[in-house]
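Residue numbers (the working numbering), protein chains in the order written: chain A, 1 to 287; chain B, 1 to 287; chain C, 1 to 287; chain D, 1 to 287.
There could be a bad hint or two in this list.
Just so you know, same-sequence chains aren't split out, so a pair can sit in one copy or run between any two.
[Unchecked claim] Derived DMTMM-like pairs: lysine to aspartate or glutamate, alpha-carbon spacing no greater than 25 Å straight-line:
#	residue 1	residue 2
1	4	285
2	249	12
3	226	40
4	181	121
5	13	121
6	264	142
7	194	174
8	194	121
9	181	284
10	206	174
11	194	230
12	226	25
13	2	56
14	99	197
15	4	25
Hints were generated in silico from the structure; no laboratory data involved.
4 protein chains.
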Amino acid sequence: MKIKSFVFIGGDKRQLYAAKATQSEGYKVYICGFDKLNEDWGIEKCSIKNATELGDCFVLPMPLTKDGVSLNAPFSNESMLIKEMAASFAARRVFCSMKNKLTAMEPQWAGADIYDYSVREEFAIANAVPSAEGAIEVAMREYPGTVHGSRCLVAGFGRIGKVLAKMLNGLGAEVVVAARKRADLALIFALGYKSMEMSELIACPKPDLVFNTAPALIFGAKILAKVCRDAVVIDLASAPGGVDFDAAKRLGVRTIHALSLPGKVAPKSSGEIIKTTIFNMLEEDEQ
Amino acid sequence: MKIKSFVFIGGDKRQLYAAKATQSEGYKVYICGFDKLNEDWGIEKCSIKNATELGDCFVLPMPLTKDGVSLNAPFSNESMLIKEMAASFAARRVFCSMKNKLTAMEPQWAGADIYDYSVREEFAIANAVPSAEGAIEVAMREYPGTVHGSRCLVAGFGRIGKVLAKMLNGLGAEVVVAARKRADLALIFALGYKSMEMSELIACPKPDLVFNTAPALIFGAKILAKVCRDAVVIDLASAPGGVDFDAAKRLGVRTIHALSLPGKVAPKSSGEIIKTTIFNMLEEDEQ
Amino acid sequence: MKIKSFVFIGGDKRQLYAAKATQSEGYKVYICGFDKLNEDWGIEKCSIKNATELGDCFVLPMPLTKDGVSLNAPFSNESMLIKEMAASFAARRVFCSMKNKLTAMEPQWAGADIYDYSVREEFAIANAVPSAEGAIEVAMREYPGTVHGSRCLVAGFGRIGKVLAKMLNGLGAEVVVAARKRADLALIFALGYKSMEMSELIACPKPDLVFNTAPALIFGAKILAKVCRDAVVIDLASAPGGVDFDAAKRLGVRTIHALSLPGKVAPKSSGEIIKTTIFNMLEEDEQ
Amino acid sequence: MKIKSFVFIGGDKRQLYAAKATQSEGYKVYICGFDKLNEDWGIEKCSIKNATELGDCFVLPMPLTKDGVSLNAPFSNESMLIKEMAASFAARRVFCSMKNKLTAMEPQWAGADIYDYSVREEFAIANAVPSAEGAIEVAMREYPGTVHGSRCLVAGFGRIGKVLAKMLNGLGAEVVVAARKRADLALIFALGYKSMEMSELIACPKPDLVFNTAPALIFGAKILAKVCRDAVVIDLASAPGGVDFDAAKRLGVRTIHALSLPGKVAPKSSGEIIKTTIFNMLEEDEQ
C-alpha cells in the first residue's frame with residue numbers, strides 16, 4: 001500500500017517540525033493535539049477521533065509520555081490517555097519512541113504495527129549534533145570567558161564526545177578528550193585532539209570547561225576538588241549523571257546537568273531527525 | 001620609573017577581570033568604585049581620594065562613560081564625575097578608552113599622560129573573538145535549528161567576519177561570505193569559504209542565519225524580502241547598523257541588533273584583552 | 001621480571017625509529033640485521049647470535065617477511081632464516097607482526113612468548129594517520145590542481161575514511177563520503193561532511209579526486225566511466241583493491257593503487273606506532 | 001567592442017589550463033607556441049603570424065621570459081623574440097606578467113593596451129593556495145614523520161602564512177606562527193594558532209617542520225643551530241630567501257628553498273587563477 005498521509009499526534013515543537021518536514025516531501029499531513037497552538041504552521045489539524053480515518057501512518061511524540069498515563073501533548077487542551085487510544089490503532093502503522101513503555105502501559109498496543117524510531121542507531125548519532133551544540137550554548141552562557149582559547153576537557157568519546165570535540169576544536173578551544181579504551185585513545189589522537197586516559201584524570205591540567213558525556217560516575221569529590229575547582233562542569237549524561245552533584249555543591253564547583261538538549265535548543269533539527277529516521281524505516285520496509 | 005602598582009577605577013566585570021589578570025602578573029592592584037561589589041575577588045579596594053597616592057598606573061573603564069558626565073561605574077554607590085577627577089591625575093599615567101571624549105569633557109585631562117587602549121589595532125582584533133562568539137551564542141539561542149548544517153551568510157570580511165566565518169565553519173555550518181573587494185573575495189576562497197560579491201547579494205540562495213559585520217546599510221527592504229524572509233538576521237555593526245530594521249519589522253523578518261557583545265558575553269576575555277593591550281603599550285614605551 | 005633491554009631484529013627505517021623511540025624511554029636498545037646501515041643512529045648493533053643474551057624483549061619487523069622464508073631485513077647483508085631463528089627464542093618475549101605466518105612457518109616459534117602488535121585495534125587506528133596523509137601526498141603529486149577547492153569523494157568511513165575526510169576538509173576540499181550503513185551516513189553528516197549512499201554512487205557529481213578505502217569492488221567499469229572519467233582515483237584497499245584496474249586502463253581513467261603507505265611515507269610515525277603498541281601490551285601484561 | 005576570441009601565446013601547462021578555462025566560458029580560444037605539445041587539449045593552435053588577426057585579446061605567459069630575450073615558451077620549437085613581436089600588437093589588448101620588463105625590453109610594447117595580471121592583489125592572494133599546498137607537499141615528502149602531530153613553525157603571517165597555517169592546522173599539526181606586528185599576533189591567536197614574537201624565535205620549542213614565508217633573513221646561524229637542528233626547514237621566500245643556507249649546510253640542517261611552487265605543483269589551479277584575474281580586469285574595464 002502506497003503511503004499518502006501522516007498524522008502527528010501530540011508532542012511539542014519537534015513534532016511540528018517533523019510534520020512540516022514530512023509535508024514538504026509531498027505527503028498529506030495532519031497534526032492532532034495542537035488546539036492550543038496559535039501560530040499558523042500551515043498544517044491541517046484534526047481530532048483524535050478522525051485521526052485513524054485520515055492517516056496511513058501515525059507518529060507519536062518524543063518523549064512518549066511525561067506522567068506515564070497520558071501522551072506528552074503540551075499543546076493539547078485535553079489530556080490524551082494512552083490506554084484509551086490503543087484500540088483505534090490496531091493493525092495501523094505507528095511510529096513512536098519508548099515502544100516498551102507503550103506496550104507495557106496497554107497490551108492492546110501490541111496489535112498495532114509499531115516502529116520505534118528512538119532506538120535506531122542513526123537517530124542517536126544524528127541527535128549528537130543538537131546535544132553537542134546545546135552543550136556549547138550552555139558553556140557560552142555560563143562561562144565568563146570565550147570558548148575560543150579555553151581549555152576544554154571532554155570525558156568520553158562516544159557519539160556526543162566525537163561531535164563535541166570537533167565543534168570545540170572548530171571554535172578554537174584546546175581540547176583534551178579522556179577515554180578508557182586504547183582504541184579510542186588512538187582515534188582521539190588521529191582526529192587531532194589531545195588524549196588522556198580516564199584513569200589519570202586526577203592529573204589533568206586545570207580545564208576551564210568540563211563536559212561529561214560518559215554514563216558513569218567519573219567526576220567524584222576527589223577529581224572535582226583537584227581538577228574542576230575553577231571550571232564550569234556540564235554533565236550531559238542522563239540521570240543520575242556522571243558528576244557527584246552533592247560534592248560539587250559542597251566544594252563550590254559550578255555544575256550544570258544539561259539534559260534533553262536536542263528538543264530544547266534545536267526543535268527544528270530534532271524534528272527533522274525524527275522525520276528522517278521514520279523515512280529510513282519505511283524505506284527498509286519496502287526492500 | 002619601575003611600575004609597581006595599578007588602580008582600576010570604575011567599570012564593570014571586564015574591569016575586574018583586567019585587574020585580576022594584572023595582579024596575577026605580580027603587580028600590586030587596587031580597585032576603586034566597587035563598593036557595591038559583594039563577591040570577594042581577592043583584590044584590595046581603595047577610594048578615589050587615595051587612588052593617586054597608591055598607584056603608578058590608572059585604568060579607566062570601557063566604555064569611559066554612559067551619561068557623558070560621570071565615569072561608567074555600575075558597582076559604585078556614588079557617581080564619579082569625570083570633570084572633578086581630572087586635577088588629581090596631572091602627569092600621571094592613565095589608560096583609558098575614548099581619549100578624545102575625556103579631554104573634550106575636561107581639558108585638564110590633557111595634563112595627564114594618557115594612553116588610549118581602545119584605539120589600538122590589536123585591541124580591536126582581539127575583541128573580534130568575543131564578538132564572533134557572542135554572535136554565535138545569539139544565533140544558537142534564536143535559531144530553532146542547529147548552526148551545524150545551517151546555511152550562514154556573513155556580510156563583510158573584516159576582523160569580525162574573518163573570525164566568525166572560521167567559527168561557523170568549525171561548527172559545521174555552510175558558510176558564504178559576501179565582500180566587495182576582489183582581494184577579499186580571493187582570501188575568502190583561499191581560507192576555505194564560499195565567496196559572493198556584495199553587489200549580488202540579492203541572488204544569494206536563502207540562508208538560515210545572516211550575520212552583518214559591515215558598517216553600511218546592506219540589508220535594505222529588497223534584500224530582506226527576497227533573501228532573508230525565513231532567516232534570523234543578526235546585525236553586529238554599531239548603530240545605525242547595517243539592517244533596515246523598520247523594513248524588517250514590516251516584512252516580519254526576525255532581526256537582532258547585537259551590540260557590545262564582548263563585555264556582555266565574555267567579560268573575562270574582554271578584561272584580559274584590556275590588560276594585554278595596556279601591557280603592550282607599556283612595553284613599547286620602554287623601548 | 002623488570003624489562004631492561006630490547007633487541008630490534010630486521011626491518012627497515014620503521015624498525016629503526018621504533019628502536020630509537022624505545023631507547024629514548026630509557027631502555028638499553030640493540031639493533032640486529034643492520035650491518036648495511038651507514039648513518040649513525042646512535043643505537044648499538046648486535047649479531048643474531050648475541051641477541052638472545054642481550055635482550056629481554058625482541059621485536060620482529062613489519063612486515064615479518066617478504067619471501068616467506070627469511071626475515072624482512074633490507075639492511076642486512078645476510079638473509080636471516082625464520083626457521084633457524086626459532087629455537088633461540090623459546091620462552092622469550094617476542095613482539096612481531098603476522099604471528100600466524102610465523103608459527104605456520106616453523107612450529108617451534110610457538111614456544112616463544114609471542115605478542116602480535118599488528119593485530120591490535122589501536123595499531124590499526126594509529127596507522128590510519130600515515131595512510132591518510134600518504135594518500136593526500138599521492139593526490140598532491142598526481143592531481144594538477146590543488147586539493148584545496150577540489151571535489152573529493154571518499155568511499156568508506158572506517159578508520160582511514162574518518163581520518164582522510166578530516167584532513168581533506170582541513171585542506172579546504174569539498175568532501176563527500178559514501179557509505180553503506182545508515183549509522184555511518186548519520187555520523188558523516190554529524191562530523192561535517194556531505195554523505196552519500198554507496199548504492200547511489202553512480203549519481204555522484206563528478207569528483208576531481210576519488211579515494212577508495214573500502215575492501216570491496218566498488219569502482220567497477222560503470223562507475224569509473226560515468227563518475228571518475230576525469231578524476232584521479234587512489235585506491236587504498238589492500239589487494240585486490242576496490243577498483244577494476246583493467247576497466248580503468250581501458251577507459252583511460254587514471255588510477256593509483258597506493259599500498260603500505262605508512263612505512264613508505266612516514267617511517268618515523270610508523271615506527272613510533274609500533275613502539276607505542278608494544279608498550280601498551282607490556283602495560284596490560286603487568287596488570 | 002565585444003570580446004569574442006583569445007590567443008594564449010607561449011607558456012607552460014599553466015597557460016594551457018588558462019586557455020582551457022577561457023574556452024569553457026564560451027570564447028573562441030587559440031594557443032600559439034605549442035607545436036611541441038603532443039597531447040590533445042581540444043584547443044586550436046595558431047601561428048604567431050595569424051595570432052593578431054584571430055584574437056581580440058592576447059595572453060602572454062607567466063613568467064614572461066626566462067632568458068630576458070625570448071618569450072618563455074617551453075612547448076615551442078622556435079624561440080619567440082619579444083622584441084620582434086612588439087609591432088604587431090600596437091593598440092591590441094595584451095595581458096601579461098612583468099609589464100615593466102616587457103616595455104623595458106622593447107619600448108614599442110608601450111603602444112599595446114597592456115594589462116599586467118601578475119601585479120593584481122587578488123592574483124597574489126589566490127596563488128597563496130598552491131604555494132601553501134606545494135609547501136605541504138614538500139614537507140610530506142621530506143619529513144619522515146607525518147605532518148599530523150608534528151610541531152610546525154610558520155614565520156610570517158602574510159598571504160601565504162595565513163593559508164599555510166590553516167592547512168597545517170587542518171591536517172592536525174600543532175601550529176606556531178611567528179610575526180612582528182602586534183596586530184598580526186592578535187589575529188594569529190584569534191584564528192586559533194599559537195603566536196610568538198619574531199624577536200623571540202630563539203626561545204621557540206624545537207619544531208619538526210619550519211616554513212619561512214617572510215622576505216627577510218630570519219633564520220640565521222644562531223636560530224638554525226638552536227631551534228632548527230632537527231627540523232626540516234622549507235623556505236618559501238623568493239631569492240635570496242630568509243634562510244642562511246651556508247650556515248645551514250655547515251650545521252647540517254636540512255633546508256629546501258621551494259620557489260615558484262604554484263606553477264610546479266598545481267598548473268591547473270595556477271592557470272585558472274590567471275584566467276580569473278584577466279576576467280576581473282575585463283569586467284572592471286567595462287564599468
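Going down the list of hints, with the structure as the test:
no. : hint      : in the structure
1   : 4 / 285   : within (16 Å within a copy, 57 Å between copies)
2   : 249 / 12  : neither (33 Å within a copy, 27 Å between copies)
3   : 226 / 40  : between (53 Å within a copy, 21 Å between copies)
4   : 181 / 121 : both (21 Å within a copy, 10 Å between copies)
5   : 13 / 121  : within (23 Å within a copy, 43 Å between copies)
6   : 264 / 142 : both (17 Å within a copy, 12 Å between copies)
7   : 194 / 174 : both (8 Å within a copy, 11 Å between copies)
8   : 194 / 121 : between (27 Å within a copy, 19 Å between copies)
9   : 181 / 284 : between (34 Å within a copy, 12 Å between copies)
10  : 206 / 174 : both (12 Å within a copy, 20 Å between copies)
11  : 194 / 230 : both (21 Å within a copy, 24 Å between copies)
12  : 226 / 25  : between (53 Å within a copy, 23 Å between copies)
13  : 2 / 56    : within (9 Å within a copy, 61 Å between copies)
14  : 99 / 197  : neither (37 Å within a copy, 29 Å between copies)
15  : 4 / 25    : within (11 Å within a copy, 45 Å between copies)
In terms of the numbered hints stated before, the structure departs from hints 2, 14, listed from lowest to highest.
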